[in-house]
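Undergrad: Sequence lines, in order, name chains P and H. In this text, residue positions in the first sequence follow this note's numbering: the first is 1, and each later residue adds one. In this text, residue positions in the second sequence follow this note's numbering: the first is 1001, and each later residue adds one.
Taking lysine to aspartate or glutamate pairs in the EDC-like style, the calculated list, with each CA pair at most 16 Å apart, reads:
1. P:59 to P:8
2. H:1399 to P:74
3. H:1399 to P:55
4. H:1407 to H:1309
5. H:1206 to H:1174
6. H:1111 to H:1172
7. H:1169 to H:1153
8. H:1407 to P:168
9. P:137 to P:125
10. H:1206 to H:1143
11. H:1089 to H:1236
12. H:1254 to H:1069
13. H:1003 to P:97
14. H:1407 to P:55
15. H:1007 to P:97
16. H:1177 to H:1146
17. H:1017 to P:97
18. H:1254 to H:1239
Sample of chain P residues lacking proximity to chain H, with all beta carbon distances greater than 12 Å (derived):
19. 6
20. 17
21. 23
22. 25
23. 145
24. 162
25. 176
26. 180
27. 210
28. 212
29. 216
30. 219
Bear in mind the hints are in silico, worked out from the structure with no lab data behind them. A quick note: this is a predicted structure, and the numbers were derived from the prediction, not measured. Backbone N, C-alpha and C fix where the C-beta goes; we use that ideal spot for every residue, glycine too.
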Amino acid sequence: MISLQNIEKVYRTNTVETLALNSISLNIAKGEFLSIMGPSGCGKSTLLNIMGLLDAPSKGNIKIADQTTDKLNDKQLANFRNQKLGFIFQSYHLINDLAVLDNVELPLLYRSSVSAKERRQLATEALEKVGLANRVKHFPNQLSGGQKQRVAIARAIVGRPEIILADEPTGNLDSAMGNEIMDILMKLNQNDGTTIVMVTHDENMAHKTHRLVRLFDGSQVQ
Amino acid sequence: MLKNYFKIAIAVLRRRKFFTFISLFGISFTLTILLVLTAFIDKVVGDSYPDKKRDRSLYVSRIQLSYKDGRSSGPSSYYFLDHYVRTLKTPVKMAISSGFSGTNTYVNNKKIAVNYKYTNAEYWDVMEYEFTEGKAFTRQQTDNADKVAVISEDMKREYFGDVSSVVGKLIEADNVKYRVTGVVKNVPITTYMLYSDIYLPYTVAKTDFRKDKGYQGGFFGVLLANSSADLPKMHDEFEDMVKRLPLPSKDVLKIYCHADTYIRSYVDTGDETNSGVTIALTAISIFTLLVMLLPTLNLVNINITRIMERSSEIGVRKAFGASSRTLVYQFIVENIILTLLGGLIGVVLSVIALQVLNGANLIPNLVLTLNFTVLGIGLLICFFFGLLSGVYPAWRMSKLNVVTALKAQ
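Model the full assembly from the supplied sequences, consistent with the hints where possible.
TA: Given below as structure tokens:
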């Protein structure tokens, strides 16, 4: 599903050159639930951003869902992300000015084929899946951390993407809430066959996934 | 999509109340100034009462004598109009009238300021004043130097009070009594060639204008052609006549005088190499540009801050499939909503400002109204503002890297 070949990422300033990722090659199969671990600053999030086409590698090739992505322009990239990928962030990144339902609808806004009525329906279904159907009219600042992350999951799955990229989805939550979120992700993987790549600091969470990849100083060590 | 943009635009406006206030104040205040100004220009240039035949008239408002070390510019003399301009073949009629002069008169020991002007009899044929009662003085009355007068509605009310008819009654101005022949609707003072409170035959003046043979005096001429198609011909004939004018003295090097359309005559100085139109248009353009530029720059600045505060939202939208172009569109739409809201407030403020201005009666008889043209211009200006102040911030923001945008929270 995701194929990374010799990925390198270098950050350059006027005086310093930092190698964030060093020759990473990774194949992730369809339906796989993979976790990425490593100390802070080892390049986990950078790798996830590159997989999510939010950032471009300095070297190497990426293939997602059988498509090479290095030649895509801004519009094609946006469209590709919209159709194939869903994102979950550690700090939720909900839009505070929009109600829960409007937040969840967001990815569908960029699909001209989906009518307003369908958007409502799909967003409501996604919220039902994460157990928040009764919170549609609430605003993010009226929700707890766990609820916010569930809204973020609903937003990530509403467009039925094949891949979900989760950057420390339980990082800001206590263990009970974290387990709830992990359960939802595992169900998505098992029931819908969604491929999930998750960055985490939590060994327990990582061990629940199919495979664990460890990074250290930008290189893959496991 | 638009509904979503609208929702978020309103939410952002409510969230950042101070920014919203600054933005809305900037837009509405500027728009109010522009709308009042346009209403004024619209009234001065667009109002065709009482010279309803503007499309076939040319105006002689100034004559300029150029000397070796200076120039003298002002209205022409009665003699110039009657003796030289009268010889032209194309005009079918010519209205001659003096500029208005002020005097005081007393009614029941109450002082009334009165403006009066002199006209020829043809003036009343060329102009289409609306008479609320009576009629204009005739050619015969003019030739006989009868002491008769046409007065304005305001003058009637002020001098005679609330009476139904004043035709035949006497009105005193400059210690002379005149018999009223008619009452006309008011003309605003901005139509300075035609405005007055009292209109008198030029023959009743204490000085005989016909005897002063200089070119300069205190009179305006309006030449009426048979049709608008004759205007170029009439214009050329006038120019030829001016070229042939004998120079009044050795000191005079050249005479400049034109028969121009109404708007041109308003700003012309006489010397075409130093055209008043160009000066006036440049001045208005620079003024408008400055008036618009400051709030636009202010808005651009505020918008950049406002939009950059939302970088997390930009990152999320990009991650979930918004292209840079879509985001530019969203932020421009939001900005247009903001400016249109400011525009709406501006229109309300303009209506209030115009009412206050009209109520204060700063310029006699000038009633400014917010008409549809002005409103249209206002909305267009708003739209322009929205685009101008939204495009750059939106473009800058859309170029934001997703990862950087998401980290910015």
